[in-house]
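Protein chains in written order, with our numbering: chain A, 1 to 212; chain B, 1 to 394.
Hint data in this document are derived by calculation from the structure and do not stem from the laboratory. Idealized CB from N, CA, C, for every residue including glycine. Check before you lean on any hint, since a few could be wrong.
[To be verified] Which stretches of chain A does chain B cover? Using the computed rule of at least three CB atoms under 8 Å from a CB of chain B, they are: (1) 30–42; (2) 53–62; (3) 82–94; (4) 147–157; (5) 163–176.
[Stated by the list, open to error] Chain A is nowhere near these chain B residues, computed Cβ spacing over 12 Å in every case: (6) N88; (7) E136; (8) D364.
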Amino acid sequence: MEDKALQDLVTALENGYRDRVVKITQELLEKGVAPEIILKSGLILGMSLVGEKMKKNEMYLPEVLLSASAMQSSLKVLKPYLARDRVESRGKVVLGTVKGDMHDIGKNLVGIMLQGSGFEIIDLGTNVTPEMFADAVKTHQPAILGLSAMLTTTMLNMKTTIDYIGGLGLRSKMRIIIGGASVRQQFADEIGADGYARDAVAAVEKVKEFLA
Amino acid sequence: MIMRNSSEWTPRKRILTAMRRGMADRVPVIPDISNMVPARLTRKPFWDVYLHDDPPLDEAYINAVKHYGMDGWYIYDNATMHEEPRWNRKILNKTDEEIRVEHWIDTPHGRLEQLISYPVNDPPWTIRGIIRNFKEDVPKLLWYMKHKPLETLCRHRWKIGELGVYGVAIETFMGFWVWVRDGGSMQAIMDFFEQPEMMKEIHQVYLEFVERAANHIVHEKSDEILLAGSASSLSLSSPSIYREYDLPVVKLVSSICRKAGVIAHQHTCGRSDMIVEINYHETDVNVMEPLERPPGGDVNLADVKQKFGDKFCLKGNVNTFETMLNGSPKDVEEEAKACIDAAASGGGFILSTGDQCGRDTPDDNLFALIEAAKMYGRYPPDKQTRERVGEHGG
């Protein structure tokens, strides 16, 4: 019975049926299913299937956004129960688009897919200065810092940010991953980033690899 | 018939011949430098160009066309974004890095406002979009779209002359909605799911505007109408949204173009393979671009030429990042040659880039692209080219 409801949750999530996802989440909690099970065998599993479909061009961004929106609504319901049971996230990730750049689609998608994989996301938004990144790193002590840039001009601010954070001695327990349309692995190597991800699915794989 | 004396071929004639799937003296070459590269060439702060019209972007572009010796493509009159009457402007803040400007226009339903940043070295971007509060702002926008005068829309028709073709842009519905919607593309997409009834009403008003604009543009004898569909890319949108909201715009405009003998030309970057196929079967579009290849897109140029070359002139698709920005002139030459081999046979091909070239695209790479068209894109193909194409099965 529980397996069937979890399967329904996964299916509803893949289809982006927000109300249904919330309803099933509530029903599972009422039946006493552990929130961690709902998270892992429902939401994370569902979003990983969404990621797979996106990778194979079987799902498009609007549909992924619908699934993500459903997942976030379910997470709101689950959150107090996860806190009660002291279920921890798989790790904290601070994300932001670097100074001078307002592009956010790719960065947002990375955040959604990481959240769907069980990571805690602190999204600083766009046009984020090195100082703002450094403050967030001090406050949240993330395992991963993700920097995004779309423009060839602003990608240089990734290096400025990495140098600034390194200068403050904040890199020892944290990996830095970069991404964005103009960025490549070679550039990541040149500016001293720990990793590069070409899209949201690759970003999730890279984060998992670093935190394995 | 092919005119052999290349002096008889102006860039405009050359491009129009290709757009009608014919063969001129050679493959036309139009790297997409519609925006950042011309602004860079002025050596002025970008806000001089974009905010103060010193020089206006279209004139900067024409200077760039002359500088590179390329075939020109004038697309600086945009019906959707046409500011008539002119919006009011107020500079709110100026630093060494940006100027923040509020733009507004008053309607009977209240004020429409937009906050735009003009960076010193990049094109402007919207900080606060026109539609913030759906209930309050949509009626103002609908009034504006219904009443916007279009008489001055084609006032720059004379500027490009025979240096290239003159086109007027109309945004696809997604392009229009992403432009006006506060909160960026993500919010714009979610509106289709969260406000479906309102979106249908806005769509209907936009279709009426598009019909009015397209009829005006063809009456003014524009060479083409550009369906500006960057936001219709399947990297951002989906086939179902394209079918429901964008395809009606594309069908309407391309049908008006066909009846008037004007070229209908669609730009949709990123993932667009499926859009090329839909347009082939269901619209009167003549030119498809920029046919972006992986990793940014999903188009195989040779494949598209084989399947859809009997209807479309194809424009593309040398990669903007890997090749134009980060490659060498030799890399550009090789990829340009491969594009010509894949798509130039029989005419109906314009050598271009897989999207807009970045600001820092090296001049040498742009010159290499243009030279490649002159060297390898001659009609009729010489023996060497025929052998090369034969070898590659192009």
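So, against the hints stated earlier in the document, which numbers end up violated here? 1, 3 and 5
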